[in-house]
Structure formats: structure tokens, C-alpha cells
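*Asks:* One letter stands for each residue in the lines below.
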Amino acid sequence: MEPLSRRKLFTGLRKALLAATGALAAGEAAQMMAHSSQPEPPESATAGKPEDYAAPSLTFVRDVRAYLVRDALGFYALDAVCSHLGCLVRAVGDGQNSPLLGFECPCHNSHYDAQGERISGPAPRGLRYLAVELDSTGNLIIHRDRETHPDDRLIA
Amino acid sequence: MGDSRASFFEHLHPATIPARSAAFTYTFGLGGISVLLVLVLLVTGVLLMFFYEPSLARAYSSVAAITYEAPYGWFVRNLHYWAGQWLVVTATLHMARVVFTGGYKRRRLNWLIGLGLLVLVILLDFTGLVLRWDADVSWALLVGTNLLREVPLLGETLYRLAVGGETVGAATPVRFYGWHIAGLTIALLFLGVWHIWRVRRDGGISHAARTPRLSRRALVRTEGLATLVVLTMLGVVSLLWDAPLAPPADLNTPAAHESAAPWFFLGVQEALRFASPLLAGVIAPLLVLGVLAALPYALDRSAEGEGHWFNAAGRRAQIVFAAALLLVIALTVRGALR
Amino acid sequence: MRRVALAGLWPLLATAGLLLVVVGAWLRERTAPWRRYQDDPQVRAVVPSLTGQRELCLTCHWSIEEISPSHPVEVVGCVACHGGVGIALDEDLAHTGLIRNPGDLSVAAQTCGGSACHSGAPADHRDHLPRVERSIQATYAGAIAYVLRAFGVQPDSVARFGIYAVQSYEGPPDNGGRPVVEALAAFQPAPDAPPLVQQFAGNCLTCHLSAEAIQAPYFYRATGCSACHVLYDNDGLYKGGDPTLPRDEPGHMRRHELTTAIPYTQCNHCHNRGNYELPTMTFVPRADIPAPDYLNAIERRVHEYYQPIGQFTLCEWELDCVDCHTRREVMGDGYLYSSQRDARYTECRTCHGTLDAPPLSYTITDPDDLALRLAFLNPNLELQVGDTILMTDLGEPLPHVVWRGDRLELTMKATGQRYDVPLVLGSGCQQRPDQQESHYCHVCHAYERE
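Chains as they are written, first to last, in my numbering: chain A, 1 to 156; chain B, 1 to 338; chain C, 1 to 450.
I should point out that these hints are in silico values taken from the structure, not numbers from a laboratory. Beta carbons are placed, not taken as given, at the ideal position from N, Cα and C, and that holds for glycine. Hints may contain errors.
Said to hold, decoys possible - Beta-carbon label-pair distances, calculated as ranges: (1) C:Arg-373 <-> A:Lys-49: 23 to 29 Å; (2) A:Glu-40 <-> B:Ala-182: 55 to 61 Å; (3) A:Ser-136 <-> C:Arg-432: 52 to 58 Å; (4) C:Leu-50 <-> B:Pro-254: 24 to 30 Å; (5) B:Pro-254 <-> C:Asp-124: 33 to 39 Å; (6) B:Pro-244 <-> C:Arg-373: 44 to 50 Å; (7) C:Gln-215 <-> B:Pro-244: 54 to 60 Å.
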């Protein structure tokens, strides 16, 4: 093995240092680009008082992107976000003049029933069943970050 | 001779150049450093664009978010700021070098293109500073745009082009942002490419005849070393000294303390203290630019002495240039010392 | 040869330099000044609903106490009261325009004030600021009047000057017939005024709500609204949770909290601190505090409360000042008074009643009653609609003195301690029925401090 010349050592070191510098700098730039100070949308919102809703009725609640359904048993809420790729689903039937038949997604045609169960289409799962409660002032409050059982109803 | 196929960077250069053109003490690399600084500004500018919001409500707070919340945002902003300020200096010094070595001889069009580049660099610095919308720049913004109104005939139109309305308001940050990232930058890139192409077409960096040649491989190596050194210096300064940020702008309240123009306009601010806005803000700067533009046309039309520092044939041009430069520097220093 | 030997060294060094720059950026990022205050450093933002503007103050001040339950940080935030540049994390920039004490009367109008806050409608009892600005503690009118009379500058002790010029505010229609003044001029001694006047200005004219406190134990306090409502310990040390405030530097509030549960020690940061000597125009601090170590807590309280030769009854040292002196007395009612005596109207009979009648009281029927709002602000008090509480001659509610059946119960505002209030009616008091003012009660019931 011939001894390493100074030139080769310097060149090798230089290339290694340059690679390290480039990697670190790229990492720092990536960290900067990954940052977001965008405020995330609220995870829950109020939806008025139970008396405001006829039985049966279907209401789309914008602030939490959910459908608030009142049937003979009580209130439940379904996440309006399609489980496929995130579009908001449309209701089939308005729940008052015509019975609520279910939901369909305008993007890739997934279909769900009135309980949010998946019927057909590319969606992998049904619509999430969101927790509905009454807060301390008697208002309905829908939680996007808490799921509950499909048989659950808020009786109010 | 080992890996003898030329690399991409080497291909950007002529096969050989006169060795003296590449000597540090001949050009000080000022043109090349200016190009490097422009590249730094473009890269850091793109990173900043991911966070800056050009609206009255969000301009200042987005700059604060870059400086205090985004990881390394302070560093990217500092790099952008110092590269911008240094670019004004290197471009001016490059122009001085061209005057004193007679580099303008037989290259009158390129001289004008270079002058245009200097004006664009200064306007880019100004529009960039205004974007942070803090107390230190708001009065400079007001004065600078009101000075546009002083231009005869075109004043109002120029004002509207810059401000986007009758007064500085909601449209102004968007306007300045558009000028800064697109309008002026595209013009800079266009003129910059043309400027460098003209240098090649006119025979490379102006030089005396019959000197030994330097291979492009050696040239690229030198440029690589210069890049590393300049980037390191820029990096060290950006680590240690922060781009300024004052409390948010409030154009509805009188300024609590003396408001200063950006350093490269201090000379104009000083002149405005004793001369009318039309004279100090429009006529005097245009006069200086006019004298500079006329330099290779009226003050030195000869071709002798090209490539020599302080060549005799260009004496008149050198003296006039030095006088103009000293006048601007003197006014600037006087303004700074207040 | 040398050139060849060094070839490649400069590029290597330059590359190393650039690497150092990049590493330096990483180091500076990790050691940002705001990170040193937190164990788990992250940027903490609040967007108060009142302003809608993002504030990062809690990044450094992350464990500071909330100022009060009625000023929650999610609603008011920090910048609305304290100013400053909320979105900066650089100390100097963030603190540009900072108002350290928003309660100071020179800034209170823009911080505490406003028609929706404490410069509101008199009918809602929300006009604190205009009243405080005219109170005798703020204008110092009484002391100025008495000194001017003592030196023959004015023939009587009617107040004509205050530390600033001010006019009477539209106070309540009935103030019990106490004499008031229409307006005060500003007392500003000229630079060539006689030495005694200048000494007065220097040594005595500095004892009012806008004056800076003497920096010594027992004297530490803030100015303006905070002089009463932000408690200071006698040692002036901060005992709260803000990591940026030193714990060992006297001159700070006890905690970053506004309160109406104000103990006597707070009033004693100004009152009972010493005496003025008119002939020399100096202030002589009392020399008997701190109380000797061998005294127990009660003895210490008796010793430190009032100055030597003070005369007071049992309740006057068992209770705190705020348990007797009402809001109108202390914070002002909008009228300009010439003396402490005119500003005060609480009497012993306000709580104890007279030989002929029990103390005045009323039953709360309105859920928005001022008494309920005052009780809400104090964690030691609990009131509800239907309770019967005492009120003063002028109708001010005393939410801390409540009828419990036949018993009259007082709850101390600062400590929550409960007392049964003895009534004059049906007692062995031998005072003449037409002489029921407090100074008559003192003749028998007060004793002098040793």
C-alpha cells in the first residue's frame, strides 16, 4: 500500500467536510421548511341548544365539519370527512321532508348509510361517530377528537 | 492526465483566460462575488417566501415568526439581509474597479447594462427592507414613495405603480412584494445574464495584451475557493449580527425618535435637509446616474490603457467618477453622523 | 515547492470554516435565550379573544400566575394590559413599549380603563378610574391643605391644591352632607420657592398613589391601582412562579395577582409608617418595627399594626382595614374632599348598630347586585340571592357581613376568619342615644398601645 499523499488526504478530507456541511445545511433548511405556525382548526364546537333542532332533522355543522343528526332516539354526530381521501360527504335526503338515506362522497363516489356505515366505493372505513355532549350552559357540543359507539345517543 | 474531461462548471468558462485577469489584486473578484451574493439571495429568498405574508395585518408578524419561531429562520433571514447589503457594496466597488482599470473602454453597452444592474440592486434592497413593515422602515417608505411624486409628468403614475393606490395602504405590501420577488428580480436576472454574456463576447475580463494563460480548471478551483471563503464570511457575520427588527410600523402615530433612511439612501436624506425634494430626490440622483452613464461616451472614448490600474488615458473619467463617489459618500457619512 | 506542499490546504480550511458556520447555526438555534426558562422548551402562544393577536409572552414567562379569575389569559392576554411586542422572542424587542405596572395612574386609562372595563358607567359601578383619580390618596389634597394652613398660607383647611389639577366628577347624589370641593389646582412649587416649601415638595409631597415607594422593608409597594390590589410582602420579595423574576431581589410583588382580599399589611405600606415633623419638614419613619422576635403572632399584629400612641378598639386591630373602610371611602366617590376625615364616613354603628336600632341591612334580590359581584371576586366570601347583608348609611353594600338568622356574622375579606358581631341594641352600653359617633365609642372601648 503506497502511503497516502498529503494532497490526497487534503482532497479526501475536503470532500468529506463538504459533504458533512451540505448534509447539515440541508437538514437545517428542511427543519425550517417543516415548521408551521398555522393555527390548527378547533377540535370541538358548540351547535346551539337541543330545542333548536326538530326531530327528525339533519344539520351540517361547519365549525367541526360534522353532520348533527336527530332521530327518534336522540342526537348523534357523524364526521363529514370521507375516510378515503378527505372530501366532505353530501347527505342523501335532508332528514326532514325526505328521510335521511345516507351520505355520498362527490369525489370518488363512496357511499355510506344513515349510521355512517360504509356501503360501497373506495372508502376503506365508515364515517367516524363523534361524541356529542351538553356543556355547562346547556349547549350541544360536538368533539372531533372523541369517537363513540354507533348506538350512542345524546338524549336531550 | 487523470480525469481530463471538463466538468459542468469548467465548461461554463473559456478554455483558458489570461492569468492576470484572474489575479485577486487585479479585480478583487468583485464581479464574481456579486454573482455569488445574488445566488445566496435567491436561495435564501425562496426559503423566506415560504413564511412571509405580504399583507398589512401579517407582514410584520410573519417576519417575527421567521425570526423567532421557524427553526433557523433567524439564520436564513440574516444571510438574506447581509448578502443584500454586501451586494450593494460589491456592485459599487466593482463599478469603481471597472472605471479605474479602464474596463469600460470598447464596452460601452455593457457599462450601461452594469449601471442598470446597480440601480436594480439598490431598488431590490429598498423594496426588501420595506417588506418587514416595522417602525424603522415605515417613514423611509413614506418619504421614498412620496419622492416619486416629484418626478415631472410621470410622478403620479410612478407612485401608483409602486404603492398600488392613492396612499400607502393595504395594496402597498403586496406591490412591494411583487416588485421585490418578481418584477425587479426578473429584470436583474435578465440584465445579469446579458451582462455576463457581453463580457464573454467582448473578449473576457478586460486585460492588457499578450499575457500568459490560465487553464479553466485552475480558474474554477480558484472560484470554488473564493466561494467557500465568501460563504464562510457571510455565515460568520449572519451568526453574530442580526438583521434589524423594530416594533411594528404605525403610520398613524408620529415617530417617537429620529427616523433614518436606509444607509444607501442616507445621502439623499441628507440632501433633502437643505434642497427641495425635486432637486435632492430626483434631479441630483438622476444627474449622478447621467454622469456615470456618459462616462464611456463623453469622458473617455479612447481604447488605450485598457486593463491597467489608473491608466493615463482614462484620467478624466477616473477623476470625475471619484468626485461623484466621494460626494455621495460624504453626504452619506454626514447623514450617518447625525 | 512550498506552493505544492500547501496546495489543497486552503480549500480544506475554507471547507472546515463553512462547516463550523453550519454547526454554529445549530448551536445558536439550540441555545436561544428563551429556551433557558423552560424544562421542555417550546414556543407557547396565546390568542386572547379580546384582541385576536398572537402573543408569545408565555414562552419565557411560562409559569407565571394568572393575574385574576376575572382577567383570564385566554380572554385578555398579556399585551392588552402590559403593552410590548407580543410576537417577538427577543427580550429587548418584546419589551419595547412595555408597561411593567399597568395600574400606574399615568397609564391606567389605556390599560385598566376603557368604557367596557374600568372607566365605565357609574350606574354599573364600573367607573373606578375617574373615582380613584379624584380620591384623596391620589391627589394628596388633604395634607397639602393642612400644611398650607399650618404655615398661614391659607386661612382654613379647605383643599385648594392637589398634586395635579382635577375637577370634581359627577359623584353619587348623596354623600351624607360631607363638605366637598369643586376643583383642585396643581401644587407645583417654583424653583425659587423658599427652602421650606422645597423641602415639603421633596420629603412630604411624595406620599400618594403616583409616588414611587421608599425602597425599604415594610415600604415596598407599587403605584396606582396596584398600590392596593397587588400585594407586596414586607420583605418585598417575589414568591410566585415567573422564572424570569429573581426571588432574592427586594422591591417585587408577592405574586402576579390582583386581589380584593387586602390585608392590613398592604395599607401599612403607606399608613402607620411614621410621622412628619413640620418644623423641619422631614419624614421620620417609625422605629419600633420589626416587632421583637419573642412576640407571638397576635402580639406581633398588635405591635406592628398601629404606631405607638395610636388608640384603637379590639376590632380595629383584629380586623383588616378593608373590613370596615368601604370602596367609596378608599377609592373615592368622585367628589373632592379636603381631608381624610371628610373622605371617611364609616362609623362603629355601621356594623354594631345603635342603642335604638340594629345596623342598616337589605336583602339581595337582584342576581346582578353589586354585593354578589364583590363576593364573587373574593374567594373567602359566599353570597347568594336571598341573603341579608349590611349596608352603610349611603347604601353601600357590605357583602362580608351577613345575617345568619339572629346572628350577625362578619367574614374577614383577607383571611376568611369569621366573627360574631356584637350589637349595641340590647347591650349594657351607657352612651347617650344622641351621641353615637365613633369617637364616643372610643372613649370607653379604645386602649392605647404601649
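*Asks:* A separate judgement is required for each hint: does it hold in the structure or not?
*Replies:* These are the hints, each one checked on the structure:
1. C:Arg-373 <-> A:Lys-49: 23 to 29 Å: holds, 27 Å
2. A:Glu-40 <-> B:Ala-182: 55 to 61 Å: Because 31 Å falls outside the window, the suggested range is violated.
3. A:Ser-136 <-> C:Arg-432: 52 to 58 Å: For Arg-432 of chain C against Ser-136 of chain A, whose Cβ atoms are near 57 Å apart, the range 52 to 58 Å holds.
4. C:Leu-50 <-> B:Pro-254: 24 to 30 Å: holds, 27 Å
5. B:Pro-254 <-> C:Asp-124: 33 to 39 Å: holds, 36 Å
6. B:Pro-244 <-> C:Arg-373: 44 to 50 Å: holds, 48 Å
7. C:Gln-215 <-> B:Pro-244: 54 to 60 Å: Between Gln-215 of chain C and Pro-244 of chain B, where Cβ atoms are some 36 Å apart, the hint is violated.
Consistency with the previously given hints fails for numbers 2, 7, ordered from lowest to highest.
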